[in-house]
Structures are given as C-alpha cells and as structure tokens.
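Note that the protein sequences, when read in sequence, are chains L and V. Here the first sequence is numbered in the working numbering, starting from 1 and rising by one per residue. Here the second sequence is numbered in the working numbering, starting from 239 and rising by one per residue.
Careful, some of the hints might be misleading.
Chain L is faced by these chain V residues, among others (derived, beta-carbon under 8 Å) [said to hold, decoys possible]: (1) Gln332; (2) Arg334; (3) Asn393; (4) Asp399; (5) Gly401; (6) Thr410; (7) Tyr414; (8) Arg501.
Partner residues are not named here, just some residues of chain V that face chain L (Cβ under 8 Å, in silico) [as the list claims (entries may be wrong)]: (9) Pro283; (10) Ser312; (11) Arg315; (12) Leu316; (13) Val319; (14) Ala324; (15) Asn325; (16) Asp353; (17) Arg356; (18) Asn406; (19) Phe407; (20) Asp419; (21) Gly420; (22) Gln463; (23) Gly464; (24) Glu467.
What follows is a set of in silico ranges between Cβ atoms, one per label pair, in the way DEER data are often shown [unchecked claim]: (25) L:Arg224 to V:Gly401: 27 to 33 Å; (26) V:Gly272 to L:Asp5: 50 to 56 Å; (27) V:Gly409 to L:Asp5: 26 to 32 Å; (28) V:Arg508 to L:Thr68: 23 to 29 Å.
In case anyone wonders, no lab produced these hints; they're calculated from the structure. Glycine included, every Cβ here is placed at the ideal spot set by N, Cα and C.
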Amino acid sequence: MLGLDYSWLAVPTYQRWLITGITNTIWLSLITILLSVAIGIVGAWLQGSRSALVRAVVQGYVQVFRNTPPLVQLFFFFFVLSDILPRVTDPATGMTRPMLGSFESAVIALSLFAGAFNVEIFRSGIEAVPRTTIEACLSLGYSRLQQYRHVVLPLAFRVCLPALNNNLINLVKTTTLASAIATPELLYYAGQIYSDNFRTMEVMLLIWVAYVGLVGILVLVMHRWERRLRVPGYGHQG
Amino acid sequence: MRNTLKTLLLAGAAVGLVMGAAQAGTLDEIESRGQVVIGVKADYPPYGFIDPEGEIAGLEIDMARYLALRLAGSEHRLEMVPVVAANRIELLQQGRIDLVLATMGITEERARVIDFSRPYYASGTALLTRKDSGVSDWEELAGQTACGIQGALYNRPLEEDFGIQMLNFQGTAEAYQALQDGRCIGFAYDDSAIMVKLQEEGWGADFHQPMPVIQPVDWGIGIRQGDAEMKEAVDAIIQEMEASGFIVAAEIKWEITPTEVARDRHAMAREELGW
Numbered sequence: 001m002l003g004l005d006y007s008w009l010a011v012p013t014y015q016r017w018l019i020t021g022i023t024n025t026i027w028l029s030l031i032t033i034l035l036s037v038a039i040g041i042v043g044a045w046l047q048g049s050r051s052a053l054v055r056a057v058v059q060g061y062v063q064v065f066r067n068t069p070p071l072v073q074l075f076f077f078f079f080v081l082s083d084i085l086p087r088v089t090d091p092a093t094g095m096t097r098p099m100l101g102s103f104e105s106a107v108i109a110l111s112l113f114a115g116a117f118n119v120e121i122f123r124s125g126i127e128a129v130p131r132t133t134i135e136a137c138l139s140l141g142y143s144r145l146q147q148y149r150h151v152v153l154p155l156a157f158r159v160c161l162p163a164l165n166n167n168l169i170n171l172v173k174t175t176t177l178a179s180a181i182a183t184p185e186l187l188y189y190a191g192q193i194y195s196d197n198f199r200t201m202e203v204m205l206l207i208w209v210a211y212v213g214l215v216g217i218l219v220l221v222m223h224r225w226e227r228r229l230r231v232p233g234y235g236h237q238g
Numbered sequence: 239m240r241n242t243l244k245t246l247l248l249a250g251a252a253v254g255l256v257m258g259a260a261q262a263g264t265l266d267e268i269e270s271r272g273q274v275v276i277g278v279k280a281d282y283p284p285y286g287f288i289d290p291e292g293e294i295a296g297l298e299i300d301m302a303r304y305l306a307l308r309l310a311g312s313e314h315r316l317e318m319v320p321v322v323a324a325n326r327i328e329l330l331q332q333g334r335i336d337l338v339l340a341t342m343g344i345t346e347e348r349a350r351v352i353d354f355s356r357p358y359y360a361s362g363t364a365l366l367t368r369k370d371s372g373v374s375d376w377e378e379l380a381g382q383t384a385c386g387i388q389g390a391l392y393n394r395p396l397e398e399d400f401g402i403q404m405l406n407f408q409g410t411a412e413a414y415q416a417l418q419d420g421r422c423i424g425f426a427y428d429d430s431a432i433m434v435k436l437q438e439e440g441w442g443a444d445f446h447q448p449m450p451v452i453q454p455v456d457w458g459i460g461i462r463q464g465d466a467e468m469k470e471a472v473d474a475i476i477q478e479m480e481a482s483g484f485i486v487a488a489e490i491k492w493e494i495t496p497t498e499v500a501r502d503r504h505a506m507a508r509e510e511l512g513w
C-alpha cells in the first residue's frame, strides 16, 4: 500500500527519540493543562474582586496573553525574559546559564497562553450562575471565597466544561510549537527523523496517529468527567 | 472514517504519481524556457546570503551565474529560488527548480531520491565555543548540551557516537543566540559557516573552533534522478570551474580562508583535463 516503509522504527536512536518525544509531549500537556486551569480558576475569581486594581491587572493579563501569538510568547520567555532573570551555574560545565531552560519556558508560556483563555471561559460559566443562587448564599452568611468555592465554581464548572475541553484540546496541539525553542517534544524529533531518513510521509502519518490518540484520550477523560459531574436538571436536557 | 482514509490514500497516490512522472530532459526544458532555475541558500554567508543591497550573493551564487552562462548562454538567464534544507529535494523532484546548488552534502539517503553532480566543495562538522569553555575534543562533550540545527545530518551521530545532548533550533539565528546566552557549551555546525562567523565582529574575540572537524561530507549539485544528460553537462561545467581556478578565486573574493578541498580539486581537475 503506497510502499510505506516503517523499517526505520527498528533503529534504536529513532526509538529513543520517539519515546523521549512522546514522553515530553505528555508531560508538557499535563503540566500546562493543570497550570492553565488553575490560572483560569484564580483569574476568574479575581475578576470579581472588589478592588479595581486587581480587576485591571487580570484584564491586562488576559488581553496581553490572549491577543498575542503563542509562538511569540515562547520566543519571549526563552530569549527575552531569560536575559532579565538571574542566571544559574550549571554544575556540568561550571558556567552560568539562563534560569529557564526550553522546557520550563514552554511550560510558562503555554500555561499563561491557555490560562488567559481559561479565565474567560470560567467567567462565562460564572456569569451563567443565577443571581438568585448567589443571593441565597449571601443570606446563608457565606463569605465571598466560600460562595465561590462551594456554590459558584461548581455550577460554573459544569456550564463551561465544553468550552474548557476545546481550549485544552487546542493546548495539547499547541505544545508542538515548543519545538521552535528546542523543547524535545514529539514534533521536534519527528522533524529530525524525516530529515535523516526521508520517510516524510511515514513519519508524518505516525505523528498524526499519535496526536489523534493523545487528544482522543483527553476527550474521553473530559467527557467522562462531564457526565459524572452532571447535576439533574442543570445545564442539560433530561 | 473509511472515506477519509480513502481520500487520504488517493491524495497520497496522486502526489506519488506526480513525483514519479518522468521529466523531459532538463536541458531541453532550459532551452525552451531560455532560463535556468536554481535553488540556492539565502541564509548561509558567504556561500549564499542576502547582501546589504538586498540581492542574493555569495560563492555559490557566483557558481550559479557561471552555470547559467554555460547552460542558457548568459549569466542573466538565471532564476534563483531560495531554499532550505527541508524543502530543496522536494522542490527539485517536483520540477520547480532545475538544480539544487545549496551547500548540500552528498549522502547515501539523498542519493536514493536524487542524483548528484561530481563534488565541488566539502565541509565537516565543527564546534563554535567560548574560548574559556575548555573543550578541545568531541569526547569531552559526553553528557553536555550542544546547540545545533534541526534536521542537520550530524545530529544523530553526535548523539550516538559521543553521547552529546543536542539542543536543536530551526534557524542559525536562534542557535547563535542560545550559544551567547550560555544554553549550550557550543554550536555544532558546518566548519565552513563557523569559520566565517568567527571573522564577524564580537565573535572572534570570545569564541573559537578548537575541535577536529568530523564527518566530512562532499557538497554536490542536486540533479533530478535519471537525467544523465544533465548530470554530464553539469559535471563538465564544475570541472571547468575547478580547473580554471574559479572556485579558488571565489574563496578569496568572499574572504573565506582558502580550503584544502578547493585547492586539491583545482589540481585534480587540471590533471583530468591535461592542462
């Protein structure tokens, strides 16, 4: 069939590259998913702060990180921010190097990027919580934090899960951009393999299957979670 | 799903057909078009780069002009297409360019998909590193991080043979920046490019190339597979350039430290032609 040749999969170096690449992609995805969701939850809460300054800071963050390309953010954290931050001594060479390596830069940039979207996604959920429910909290003597933790967020979460899923799926796919700052993830090694052996089609098909698989697992987990969280009569029919 | 797969396979097959279609002789095409189209580098000073006037210039560009003179009758009957390592072979196979003259090393893998002219130059892998880094041999780099270029030929052997941790970037600008930032002990790259970088202000003072040059690879002009007529013509022109001292003179013109390979090939070509 099309003369696809996968014999290169037997080369130990390629195997090691693929395994390292997929491991790093999974780590990068997991860490940025958790961090960006945390940023979204905290950011959305701060958006409702009484302090105008806090609200302005959150708004500024969302605008800056949502409205700039993620690739630019990656380059910014890797090349520009590392110039400003203090340097650390590398025990291997005894020389100093920037504090943020490529993986760390990618984690920060991608978390902040996806986090900015998550803030807005959570806000959409929070705004869907009926005013009367919040009044009920107030009359029960809940503090603002208690009200957010026990009532608003759980309800908001259920409303915004589909939008959150979309953003997290995009985040997993956006991790491929980290190859531009030499984070050794899956696409980074894929490029290395096909420029080595010219099996471009075979390598690309493999990568394609890998991402469909990874995103598929994420979708499966999120859908299960969505079903488990379902509250009868709230946010869905039947 | 089934249909998607079918479409995908059909698309793949179509690409295969186009790529495999027998090309009419490139020489005939050049004649009927009245122009040679050559893929060149535009990011590899001083072999092929954008000069201050915004024109593509360099040693290989001079060679491209010479090829146009011989193949199409005039230096001006030349169209240059800037290429990168990742697309030059595909562009040649698709017939978008007639020749690849772009610092391309002759390798077994590449020779399976295109033909190469006789070699006209050579380079090896060297390391640009700080003078105070204290390294002088590849063996000392085991476990250390070296910057490199994604898709370069030498990445795999550097990891396999010396246990070097490669930190590979898409372009040379990022790699040079990462080296200056101290993200890697050195930048593993073609010796020909490193030698030229060291002549740049700010680099020669703090950096040097202390390593034995490894993995020497001959540079050849890429020709579409099976076009023997074209290969014969290109080989003869290269021989002429070598024998007449064109390449040796071009090294001096572009302030490249005269290389052994250019000198040896000059002598060899003269001998071949009985000059």
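Report holds or violated for the interface hint on Asp399 (chain V), using the least CB-CB distance to chain L and a cut-off of 8 Å. violated, 11 Å
Taking 8 Å as the limit, does the beta-carbon of Gly420 (chain V) come near enough to a beta-carbon in chain L? Holds, about 4 Å.
Does the closest beta carbon of chain L sit nearer than 8 Å to the beta carbon of Asn393 (chain V)? Holds. Min distance 6 Å.
Has the hinted range 26 to 32 Å been met by the Cβ atoms of Gly409 (chain V) and Asp5 (chain L)? 30 Å Cβ-Cβ, so the 26 to 32 Å window holds.
Holds or violated: Thr410 (chain V) as interface residue toward chain L, Cβ cutoff 8 Å? violated, 13 Å
Agreement of hint Gln332 (chain V) with chain L interface, Cβ distance less than 8 Å: violated, 13 Å
Hint validity - Gly464 (chain V) Cβ closer than 8 Å to any chain L Cβ: violated, 17 Å
Indicate whether the distance between the beta carbons of Gly272 (chain V) and Asp5 (chain L) respects the range 50 to 56 Å. With Cβ atoms ~40 Å apart, the hint is violated.
Quick one, is the Arg315 (chain V) hint okay against chain L at 8 Å, beta carbons? Hint violated; Arg315 (chain V) Cβ to chain L Cβ min 32 Å, cut 8 Å.
Given Val319 (chain V) was flagged as interface, is its beta-carbon under 8 Å from a beta-carbon of chain L? Violated, about 19 Å.
Tell me if the interface restraint on Glu467 (chain V) is satisfied: Cβ within less than 8 Å of some Cβ in chain L. Constraint on Glu467 (chain V) not satisfied, violated at 25 Å.
In this structure, is the beta-carbon distance linking Arg508 (chain V) and Thr68 (chain L) contained in 23 to 29 Å? violated, 59 Å
Checked against the numbered hints given earlier, the structure breaks hints 1, 2, 4, 5, 6, 7, 8, 9, 10, 11, 12, 13, 15, 16, 17, 22, 23, 24, 25, 26, 28 and satisfies all the rest.
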